[in-house]
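These protein sequence lines are chains D and F, in that order.
Take the first sequence: its position 75, counting from 1, is numbered 75 in our numbering, and each next residue is one higher.
Take the second sequence: its position 115, counting from 1, is numbered 115 in our numbering, and each next residue is one higher.
Derived from the structure by calculation, the hints contain no laboratory data.
The beta-carbon is built from N, C-alpha and C at its ideal position, and this holds for glycine as well.
Some clues are possibly wrong.
Pairs of lysine-lysine, BS3-like flavour, derived with a Cα cap of 27 Å [unchecked claim]:
hint : chain 1 : residue 1 : chain 2 : residue 2
1    : D       : Lys163    : D       : Lys30
2    : D       : Lys30     : F       : Lys123
3    : D       : Lys30     : F       : Lys125
Per the computed footprint, the stretches of chain F lying under chain D, defined by three or more beta-carbons under 8 Å from a beta-carbon of chain D, are [what the hints assert, rightly or not]:
hint : segment
4    : 116-125
5    : 242-252
6    : 259-265
7    : 321-334
Here is what each chain is made of, one letter per residue.
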Amino acid sequence: MNFFLQLVVTGLAQGMIYALIAIGFVIILKCSEVFNIAQGHFVLIGGYLGYTFLVPFGLPIWAALGLAIVTATFMGLAIERLTLRPLLGEPVLAVVMVTIALASLLGGLATLLWGGEYKPYHGLLPTITLKIGAISVPSESLIGLIVSVICMVLLMLLFRYTKIGLAMRATAEDLQVVQSLGIKATTVYAVSWVIACIVGVIGGILLGGVSGAHIALADIGLKAFAVVLLGGLNSIGGAILAGIILGMLENVAAGYLDPLLPGGGLAQVFPFIVMIIVLIFRPYGLFGLVRIERI
Amino acid sequence: MGLGSGTFHENYAQDMAIFPTKLHWGVLAAFLILLFVCPLFASDRILTLLTMMGIAVISAHGLNILTGYCDQISIGHAGFMAVGGYTSAILCAKLGLPFWVTLPCGALAAGIAGLIFGLPSLKIKGFYLIMATIAAHFIIIWTIIQLRSVTGGVDGLSVPSPAIGGLMLGTKTNYFYLVMIIVCVATLLAKNIVRTRAGRAFIAIRDNDLAAEVMGISLWSYKLQAFFIGCVYAGVAGALLIHYFSFASTDQFPFMDSVWYLGMLIVGGMGSVTGAVFGAVALRLLDELVTMAGPVLSAAVAPQAAASLALMSHGLVIIIFLIFEPRGLYHRWEMIKAYFRLWPFSHQGSE
Numbered sequence: 001m002n003f004f005l006q007l008v009v010t011g012l013a014q015g016m017i018y019a020l021i022a023i024g025f026v027i028i029l030k031c032s033e034v035f036n037i038a039q040g041h042f043v044l045i046g047g048y049l050g051y052t053f054l055v056p057f058g059l060p061i062w063a064a065l066g067l068a069i070v071t072a073t074f075m076g077l078a079i080e081r082l083t084l085r086p087l088l089g090e091p092v093l094a095v096v097m098v099t100i101a102l103a104s105l106l107g108g109l110a111t112l113l114w115g116g117e118y119k120p121y122h123g124l125l126p127t128i129t130l131k132i133g134a135i136s137v138p139s140e141s142l143i144g145l146i147v148s149v150i151c152m153v154l155l156m157l158l159f160r161y162t163k164i165g166l167a168m169r170a171t172a173e174d175l176q177v178v179q180s181l182g183i184k185a186t187t188v189y190a191v192s193w194v195i196a197c198i199v200g201v202i203g204g205i206l207l208g209g210v211s212g213a214h215i216a217l218a219d220i221g222l223k224a225f226a227v228v229l230l231g232g233l234n235s236i237g238g239a240i241l242a243g244i245i246l247g248m249l250e251n252v253a254a255g256y257l258d259p260l261l262p263g264g265g266l267a268q269v270f271p272f273i274v275m276i277i278v279l280i281f282r283p284y285g286l287f288g289l290v291r292i293e294r295i
Numbered sequence: 001m002g003l004g005s006g007t008f009h010e011n012y013a014q015d016m017a018i019f020p021t022k023l024h025w026g027v028l029a030a031f032l033i034l035l036f037v038c039p040l041f042a043s044d045r046i047l048t049l050l051t052m053m054g055i056a057v058i059s060a061h062g063l064n065i066l067t068g069y070c071d072q073i074s075i076g077h078a079g080f081m082a083v084g085g086y087t088s089a090i091l092c093a094k095l096g097l098p099f100w101v102t103l104p105c106g107a108l109a110a111g112i113a114g115l116i117f118g119l120p121s122l123k124i125k126g127f128y129l130i131m132a133t134i135a136a137h138f139i140i141i142w143t144i145i146q147l148r149s150v151t152g153g154v155d156g157l158s159v160p161s162p163a164i165g166g167l168m169l170g171t172k173t174n175y176f177y178l179v180m181i182i183v184c185v186a187t188l189l190a191k192n193i194v195r196t197r198a199g200r201a202f203i204a205i206r207d208n209d210l211a212a213e214v215m216g217i218s219l220w221s222y223k224l225q226a227f228f229i230g231c232v233y234a235g236v237a238g239a240l241l242i243h244y245f246s247f248a249s250t251d252q253f254p255f256m257d258s259v260w261y262l263g264m265l266i267v268g269g270m271g272s273v274t275g276a277v278f279g280a281v282a283l284r285l286l287d288e289l290v291t292m293a294g295p296v297l298s299a300a301v302a303p304q305a306a307a308s309l310a311l312m313s314h315g316l317v318i319i320i321f322l323i324f325e326p327r328g329l330y331h332r333w334e335m336i337k338a339y340f341r342l343w344p345f346s347h348q349g350s351e
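Please model the complete structure; the sequences and the hints are all you need to start from.
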């Protein structure tokens, strides 16, 4: 029982980080109808940025986080302006391919700048230990949980009370109405990319604090897709819930089934199995908009 | 369209001919002769490059029929190649079947895998289908690694070098001939498949699936046919790839290869058989250039520069093509041909 609860709690913390990354994906999708395959590579860049600011620069965690957010802002603006804007209105395949190409570009950049090596910065994040009964919550997981929740609350406030947040929600609802009201859609797109970059980079720093920065961090992006599909493509709340569900399922499945399977590694393929099942039985996810197409 | 002045199509057969004029036949013959005398003077390295290009062309044809003609986007093509390759390798290594039996078996297995993973395509499209095919790739590779007793798992599987009858195909030259013959047959088949009833149905589905369905084209049947044909091509390419190295390993089918096959279509030109050839050749050439530039860069800049350049060059090429030439090299090639045909009058009458 303790083993099970331990797995659930670790899964919960991990799931929150997945959810945070998935939110970036959903925001871009809602605002500009672009499927951003490169979301995982924002995480990768984030992981390495965290390493750079914390270890060689020796900055305190809050400064590192701030600098990473500034970097992410510029990255998001550059990406939107240089690659996505020329492709406005192109078919799905072109847009998806450009984000895949972007992913490859960012992966190449990370390899060039950081050598594609494993860079741990375990234990540099502040330590808080929490014990509930017999279950101890690892400090990194707890921090991941707290930061994710803070980010989500901030995003919620942004969408509810700021002008740009409202503009973004309106754009997601109806682009033509928004444009006729004099809101610049391109600004909304740019901001959505900036937000996606920021949450990706924060997620990267959090995950990097647990497992170290390495090239495989980009694979988290694929898990984020599974989260997004499970939650419904255009639902932020769905993404949060699905993130938690997937994180828990993954940990529990890996904990119980890995010893039974010879090769192990179920955690890697698990999101894809979830993905296929969701796609076959409920393509619009848990909370997604049901699109009726009778063909 | 595209005929020089003074050339007329006088009957249906002429109009449907793939090579309408004597000049076309001449160019084809010259190209084939050049291709098949290549091994006489080309170095081993160039032969390897050409063989790899040939395999990529076969695979790209498959994806082109699936994605370019039927608009079922698949980012799991390397996974289907792995199915074909491994089936052929296992039959060859474990059961000792001859190469000419295992190759079609591999192709068939890949086609069936394509059918299975193509099933969701009946309910979903666009981005959902992309995710389903990405998942297909990872599930296939994971399954191969798990079936250690049959596939060798992560250690890989040695395959005896292929032979047809008494003819050993292990040498680079013989294998080059084998691949090139298959490439020619595959290209001819691809060119003809898209002109058949099925091919026209694919195009109708791509252009407007709703209208196609209303016209009585069974989406269910034709989408699955597209998956089957596309994946059979992938299976042949995968089998050829594994037998070339006489070794099967999941590392030969990385996920990014699935992406680059789509990249080949974008660079070459979506929905055109010639475009698929152009794209496959262009991206393989780029690979080769990167491999050549790698050591120089590694010495000059940093040891990791080579690996980084490989990733960045592909990404950049695809971004540049998507933004500046979304119709690909094929369109550029047609424009160049039109320029020379129409010179000195630079405008073509409307069709």
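Taking each numbered hint in turn, which are not upheld by the structure, reported in ascending numerical order?
5
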